[in-house]
Amino acid sequence: MENAQPIYIADFNYPLPDERIAKYPLAERDHSKLLVYRNGQVSEDRFYNVGDYIAPDSLLIYNNTRVIQARLKFHKPTGARIEVFCLEPLKPSDYQLSLSSTTGCTWKCMVGNAKKWHDEALDLEIRNEKLQITLRAYKEQVLGNTYAVRFKWNDNQLSFAEILDAAGELPIPPYLNRKTEESDKTTYQTVYSRIKGSVAAPTAGLHFTDQVLNDLRQRGIETDEVTLHVGAGTFLPVKTADANEHTMHTEIIAVPKTTIQHIIAKLGKIVAVGTTSMRTLESLYFIGKQFAEDKMSNGQWVIDNIHVDQFEPYEPTSTPMPSVQEALQAIVDYLDATGQQTLHAETQIMIKPGYRFRLVDQLITNFHQPQSTLLLLVSAFVNGDWKNIYNYALSHDFRFLSYGDSSILTRNSDC
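Under the numbering used here, the letters of the sequence shown match residues 5 to 419, in that order.
Hints listed in this document are in silico derivations from the structure and should not be mistaken for laboratory results. Just so you know, these numbers come straight off a predicted model, no measurement behind them. Yeah, the Cβ is synthetic: ideal placement off N, Cα and C, and Gly gets one too. Misleading hints may appear alongside valid ones.
What the hints assert, rightly or not - So the derived label-pair ranges between C-beta atoms look like this:
(1) 140 with 96: 52 to 62 angstroms
(2) 185 with 10: 36 to 46 angstroms
(3) 96 with 185: 50 to 60 angstroms
(4) 123 with 269: 48 to 58 angstroms
(5) 53 with 245: 36 to 46 angstroms
(6) 319 with 222: 40 to 50 angstroms
(7) 59 with 24: 46 to 56 angstroms
(8) 129 with 96: 23 to 33 angstroms
(9) 240 with 77: 17 to 27 angstroms
(10) 59 with 265: 13 to 23 angstroms
Let the sequences and hints guide you as you build the complete structure.
Structural data, given as structure tokens:
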């Protein structure tokens, strides 16, 4: 981004000893520690009391994505192992259409040991009490550091989702430094996950239980959901000295019209569960801004691609910015005009220091890696006070990263 004030990623470093990274979750997920940040003050509690820190009549929004067993292990006749990690669908490009396909599909994949996979097809024999099928993979095209891989199988009664469930491995984060275990199939999913597509969990939601959600509703705190399928890019470190030069990954979001209407009714009391929900919600403003500025042509919306660029929030504009309510209403009007019930879009939004928040008032989130874009997001939300929070967590025995403890952060009024 031209003329942006440098954001030196070295300023977002902190010591994270390996023993502070939680390798496994607690036996009772809602018993994790909860750091509470409000008005510059830090305290702690247990997650099952999170409702004590959310105002009644608030709207809590979580990401309902479900992690797929995206890691497939093939073997060549020579014995060489080829690991194929499904990242996102290409043909069909829609997640649900691709995962429900019974005739074949193509995915963008990371390939381990790719140099030993030439032009030949690879077969994976799937044999268990219920299935006896062969999954075949073809490496079709190089896509930078990834590949387009086409999959076919010899049973058109089975969907690709069912094949992944039978033959794939759940891709737990690399920083856990351990193999996936059977327990991860349960513990690395939120209790409300239902839309398959992610290759990483929206981990802020891992602390919720049905009891916690029921407690929130009894307090008059409403809930709703969005979908952002978390990609492997969430683990990409910032390798540039100036974070402004980092390229954000693009992720697919889906937000029902009813959810957008719910948000309009609750503006000023929006709680985001996790950075993925935060990115989705804040992206809605800029999508609505695009719609509000768009012209009608012969009764049709002139929209080629609904996409939020990573630096769009920081671009100067000579036209008045719409209010949040106007932007959100423009999305509802677009969906009504086009006969759609759900907004489907892409977001590459980069939330960094200097960002002005439009929708989210509170954020529930875990503790993130040093020098990461997620830490930049947290810093922006607490107006640069992240060291106060992380120093407290480090000195009070909090557990870090995906299976670690949680925090609830209240945005400073001047952010």
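Hint check results:
{"no.": "1", "hint": "140 with 96: 52 to 62 angstroms", "verdict": "violated (18 angstroms)"}
{"no.": "2", "hint": "185 with 10: 36 to 46 angstroms", "verdict": "holds (43 angstroms)"}
{"no.": "3", "hint": "96 with 185: 50 to 60 angstroms", "verdict": "violated (32 angstroms)"}
{"no.": "4", "hint": "123 with 269: 48 to 58 angstroms", "verdict": "holds (57 angstroms)"}
{"no.": "5", "hint": "53 with 245: 36 to 46 angstroms", "verdict": "holds (41 angstroms)"}
{"no.": "6", "hint": "319 with 222: 40 to 50 angstroms", "verdict": "holds (44 angstroms)"}
{"no.": "7", "hint": "59 with 24: 46 to 56 angstroms", "verdict": "violated (32 angstroms)"}
{"no.": "8", "hint": "129 with 96: 23 to 33 angstroms", "verdict": "holds (26 angstroms)"}
{"no.": "9", "hint": "240 with 77: 17 to 27 angstroms", "verdict": "holds (23 angstroms)"}
{"no.": "10", "hint": "59 with 265: 13 to 23 angstroms", "verdict": "holds (21 angstroms)"}
Hint compliance for this structure: hints 1, 3, 7 are broken, all remaining hints hold.
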